[in-house]
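Asker: Listed below are the residues making up each chain.
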Amino acid sequence: MGEPVQSLLSSPGVRDALSVTELVRALRSVVGGHPALTDVLVRGEVGNVSRPPSGLAYFTLKDGAAQVPCVMFRTAAAALRFELREGIEVLVSGDVDVFPAKGQTQLVARDVRPIGRGAFWLAFEQVRDRLEAEGLFAPERKRALPRFPRRIGLVTSEAGAAMHDVLAVLGKRYPLVEVLVSPCLVQGDAAPASIVAALDRLAGRVDVAILARGGGSVEDLWAFNDERVARAIARSPVPIVSAVGHEVDVTIADFVADVRAPTPSAAAVLATPDAGEIRARLASMRAALDGRIRERLATGRDRIASIAARLQPAGMRTRIQDARHRLDAAAGSLGREVRRVLVTLRDGVRSAAARLEAVSPMATIARGFAIVTGEDGALVGSIAAVSPGDEITVHVSDGALAAVVEERRRNAR
Amino acid sequence: MTERTFEEALAELQAKVDALSAGHLPLADALRTYEEGVALVRLCTERLEGADLRVSRLSGD
Chain A
1 MGEPVQSLLS SPGVRDALSV TELVRALRSV VGGHPALTDV LVRGEVGNVS
51 RPPSGLAYFT LKDGAAQVPC VMFRTAAAAL RFELREGIEV LVSGDVDVFP
101 AKGQTQLVAR DVRPIGRGAF WLAFEQVRDR LEAEGLFAPE RKRALPRFPR
151 RIGLVTSEAG AAMHDVLAVL GKRYPLVEVL VSPCLVQGDA APASIVAALD
201 RLAGRVDVAI LARGGGSVED LWAFNDERVA RAIARSPVPI VSAVGHEVDV
251 TIADFVADVR APTPSAAAVL ATPDAGEIRA RLASMRAALD GRIRERLATG
301 RDRIASIAAR LQPAGMRTRI QDARHRLDAA AGSLGREVRR VLVTLRDGVR
351 SAAARLEAVS PMATIARGFA IVTGEDGALV GSIAAVSPGD EITVHVSDGA
401 LAAVVEERRR NAR
Chain B
1 MTERTFEEAL AELQAKVDAL SAGHLPLADA LRTYEEGVAL VRLCTERLEG
51 ADLRVSRLSG D
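Those protein sequence lines, which keep their order, are chains A and B. For the first sequence, the working numbering puts the final residue at 413, and the numbers step up evenly by one. For the second sequence, the working numbering puts the final residue at 61, and the numbers step up evenly by one.
Source of the hints: derived by calculation from the structure; they are not laboratory data. Computed from a predicted structure; not experimentally measured. Backbone N, C-alpha and C fix where the C-beta goes; we use that ideal spot for every residue, glycine too. Accuracy of the hints is not assured; some may be wrong.
Taking beta-carbon pairs under 10 angstroms as the criterion, some of the chain A residues facing chain B (in silico) [what the hints assert, rightly or not]:
(1) 167
(2) 176
(3) 283
(4) 289
To spell it out: a stretch of chain B is covered by chain A in this simulated footprint if at least three of its residues, at any positions, have a beta carbon under 8 angstroms from a beta carbon of chain A; those stretches are [said to hold, decoys possible]:
(5) 11–19
(6) 25–39
(7) 44–58
Produce the entire structure from the sequences given, and follow the hints as far as they go.
Answerer: Written as structure tokens, this is what we have:
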């Protein structure tokens, strides 16, 4: 501060000073295109994500001790198949460059790929999007479950709790069902192929199948996000109930399945009717049968009573016999001419008595009525019991007539 | 009784209940329907109560 202003301005340092632009340009010329800083692959954790409307993506890539600002240009950012989120581990490929306006060295990311959990997530999205575009998740593809399945397929690990849970619920709820266990691996690299084979093996053997696995980490459940498993579910000839992990776990298998159950136990419930409800239904049907037949019998009794009251054969017979006795007595005490008239009258009374005897069916036939039976031997009581062309038998007093129905004519009412 | 599935037996039973409830059956048919219905109730109940979950295993290929 002691030096005069003049001497500062004229000192060689000032004359030789670089402008900021020059400095940054120099920096950029060293950094940009440097073989060690071009086409690099960097692993780190994502932080400070910013995605402004311009379509660019900004974030930092960091590890425990350092961080570097990153930018993705619009095309590269739009091609990302997953959401850039803070905390995920990624592998970034790109070039280091200097951004002059801020004098900042940054990594220009051409591609970002998640690793660890992020990689799972990316694959999930890709499979999901592809299958969705194909329409495999469409609601109209979902098939209804049979109400009374005879045989249920169970695709699961024989070592798992899921199998035990499903069998316990089925045994309690609907023991009539038969269970066909189609065992498979439910985790690890070999699991998808194993699940596919187990599903395919059930084809044609069951009415419905449950695909189950107990809870686990995202990695544990990963086989159920495999595209091969999804396609095996889609091509299953019978409806599939998926029950993978806990309620919060959603897998691709759940999207393709006809019904998604939150847990293996819930799948067993969804796939079967409840024996308790069936018992109640049986009881109510038994009660209905008893009630209806009681009503029907009561109606029949009433009708018989009313017919009997109308005929009153005993009463009529007594009256007719009384009349006959009185006529006989009177005839004996009257003259010949009168007696002849009375005999005629008496014969009339006798024939009335004979008509009364004709109440029986056989006597009815003797009077010229006939009984008609159908081809099965059952009585024909209505035109509805036969069809034109049917052979019928007409029973008369001394035999039977074979006949064919030509036409049905309903009585006018 | 001929071998039929539980579901078929249940459906048949429901049909008998419906037929009897409609009330158009001649007395003899009504009685026969009733007896058959009661037999089906018995059959279904026996199947339900006598059932023991059958589990079999499909071996890998």
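Asker: Is the coverage entry for the segment 11–19 of chain B by chain A consistent with the three-residue Cβ rule at 8 angstroms?
Answerer: Contact hint for the segment 11–19 of chain B vs chain A: holds, 4 residues under 8 angstroms.
Asker: Count the residues of the segment 25–39 of chain B with a beta-carbon closer than 8 angstroms to any beta-carbon of chain A: does the count reach three?
Answerer: holds (count 8)
Asker: Double-check residue 289/A for me: the hint is only fine if its C-beta lies closer than 10 angstroms to a C-beta in chain B.
Answerer: holds, 4 angstroms
Asker: Would you check whether residue 167/A satisfies its interface hint, that is, whether its CB is within less than 10 angstroms of any CB in chain B?
Answerer: holds, 6 angstroms
Asker: Can you take a look at whether the segment 44–58 of chain B is actually covered by chain A? Rule is 3+ residues, C-beta closer than 8 angstroms.
Answerer: That given contact holds, which follows from 12 residues of the segment 44–58 of chain B lying within Cβ reach (below 8 angstroms) of chain A.
Asker: Given residue 283/A was flagged as interface, is its beta-carbon under 10 angstroms from a beta-carbon of chain B?
Answerer: Interface hint status for residue 283/A: holds (8 angstroms vs cutoff 10 angstroms).
Asker: Please verify that hint: residue 176/A, Cβ, nearest Cβ of chain B, below 10 angstroms or not.
Answerer: Constraint on residue 176/A satisfied, holds at 4 angstroms.
Comparing the model with each earlier hint shows no violations; every hint is respected.
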